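Trainee: Here's the letter readout for the chains.
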Amino acid sequence: MLDILVSQTANGLVLGFIYVLIAVGLSITFGLLGVINFAHGAFFALGAYFGWQLFRWFGWSAVILAPPLVGLVGMALEATLIRRLYGKEPLLSLVVTFALALLIEALIRVIWGADGKPFNPPPFLAGIIEVGPLLITKYRAAVLGVTVATLLGLWAFLAWTPYGRVLRAGSRDPEMVELLGINLPRVLNAVFGLGCALAAIAGVLAAPLWTVSPSMSANAVMPAFVVIAIGGLGSLSGAVVAGLAVGVVTALTIQFWPEASAGAMYALMFAIMLLRPRGLFGEKWERFE
Amino acid sequence: MNRFESTKRMMLGGVASAIMLAAATLAGGACAQESGPIKIGLIYSKQGPGASIGQFLQRGSELAAQQAGMKALGRPIELIWLDENGPEGSQQNMQRLIDENKVVAVVGGNYSNSALAMMSVANRAKIPLILPGAAAREITGKDCSRYTFRTQATVPVQINGLMPYVQQVGKKVYFITPSYAFGQDIVKSARAGLPAIGATEIGSDEVPINTADYSSFILKIRQAKPDVVIGGLVGGDLSNFLKQWNEMGMKDKAPYAAVAVTDTDFWDVGPQASTGIFIKPWYYANSKNTAAEKKMIEDFQKKYGQPPSDKTWSGWIAMRALLESIEAAKSTKPQDIVTSLEKWKNTDGEFPFYFREWDHQLVRPAVIVKVKSNITDKWDFMDFLKYTSDTPESTEKAFGTKEEVGCKMPAL
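As given, the protein sequences belong to chains A and B, one line each in that order. All letters in the first sequence, in the order written, are residues 1 to 289 by this note's numbering. All letters in the second sequence, in the order written, are residues 1001 to 1412 by this note's numbering.
Bound conformation, chain A alone (with noise of 0.2 angstroms):
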């Protein structure tokens, strides 16, 4: 029993950081912009659509190219459309994006089709590796190293460079930034990019473990929304902990009630809600409170 108690919590930590993956990018536009991002999910899709596209066209090494270019069409989105959001109610910007949602899905069935598109883990990354009672995939180790990877320099984006400073700065008084002379709308404008080249990743990721098809947004954005509502909305480190944690209770439920596995999160955010309303990492904003 022990050994596949800590298998499962093993594996769910890997599950965890794919979670996180999802809901960081959301957890910086909402942190960073005050902008509820419901599309979220369909920039993860676009992700795994693009870089299913670029791996037919041009082979495993132009799918890197997936999530700048899902950051483009972000930032193409928020000149468009999101910057009117700005200082709104959080509410409006939940509706534009749940509709923002809806098209982009109705957009790739249109383009790609319906039916879900074959993505398998390239054959370098095939395969499992096995350490006592642990067993991990070759790809899901890569999916962990690169996750950690781009969360490592994420934050180190934002703490230590000036760019990062002024997003922080900005997302706290966006007046003074201004003031200070800095172009604040071209800074939001990649911020939200960011978040969605961030999803993007994600997507890439998951293509190979998930089907790729219209619908793959709804795996994503539920448990992103979670996450960050466990961690904090716009807590980064909370993103982190949050998804870490739904991923291990998603496992040792499928374990011991699999029935309830998709309930799991949905119980673990209810308790953490009625303990912490504001979410484990959650600060109070002066913003939006």
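None of these hints come from the bench; they were simulated from the model. No false leads were slipped in.
Below, in silico cross-link-like pairs of lysine-lysine (DSBU-like), each with a Cα-Cα straight-line distance of 30 angstroms or less:
#, chain 1, residue 1, chain 2, residue 2
1, A, 138, B, 1251
2, A, 138, B, 1253
3, B, 1188, B, 1172
4, B, 1288, B, 1343
5, B, 1220, A, 138
6, B, 1225, A, 138
7, B, 1039, B, 1333
8, B, 1302, B, 1378
9, B, 1253, B, 1225
10, B, 1302, B, 1071
11, B, 1171, B, 1251
12, B, 1372, B, 1225
13, B, 1402, B, 1333
14, B, 1402, B, 1188
15, B, 1372, A, 138
16, B, 1071, B, 1039
17, A, 138, B, 1378
18, B, 1172, A, 138
19, B, 1142, B, 1102
20, B, 1220, B, 1253
21, B, 1370, A, 138
22, B, 1303, B, 1345
23, B, 1295, B, 1386
24, B, 1330, B, 1343
From a predicted model like this one, the values you see are computed outputs, not experimental measurements.
Put chain B on the given structure of chain A with help from the hints.
Mentor: For chain B alone, kept in the frame of chain A given last:
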């Protein structure tokens, strides 16, 4: 004539005129219904993990109507397609088709839980409903209805066809099934059949629908070390499972055997991850397909540039049965269509298939297929092994007796 009398006459005249106008309108309406297009509702998934399946079902139904010249009783046919989006949504769409679109019949319902919800509306409104999917036994069993017909073989029939192959593989069986009526029926039917093949159950997991990650389920199965896994995952869920089953190195370790699968589940994951032995209603690359089925394949390929899936066949045969029954009834009245469907018989193949009058189940064998060890074609992933039964008598027997099925068919 005093003023009161005059007013009274005017009022009576007005009422009489209104009654005449209403009668004329009703007569005109009836006339329009008799001469206007025959509206037929379709309820197939348009979104979510079943969207691909829904599209193939819709294309099959549409093709049957097109092959009939988009006409029945000399009148144009109008197909109205609404979404099969869960039990509540499907039920509402069924009601909409009847109330707003005034359909004469509905073809649709791929999922057992949606089908059961739609059946209650069909029953109440007395509108014929032909289900091209939905294999849970109660649909033509204890919950059977005079207005509902089903083309897909029941779960017990499919499981009985699968068990001899399970016996060949091994004795230790693990179940992984969706957590709704259809999945529970698979477990119930297969458990009943295990003693006969000398097999034992070593584990069983019910999986919530729309599960994206199966790695934890696969770890459990891996630890249990079964000889064979019996499943019933559907659509995107099966595709996700097969992808991760292959990713976690299980493809060649324990065979996966399942019922009610569809070709798109495999086309969506590609040759690399496809594996297993399956029961399905039909397969396009089966040399025993009838001339009408071959014509359907040809027409479909011409139109869509790819072969039809078994869901195309299911949508096609359901619509064909309906249109042929309307023609035979020479009427679009629901009761006439139901009576005609009860007498409908397809004689294209080696032996006829038909809706059994006392439970409305299409009595026709399903096909047993196995994923090829070396897939070289973009679409042809399966080897046809055999039919679940091969004589009219054994087919009728496989679908159970009145006592076994438990349908008490209500009056029209």
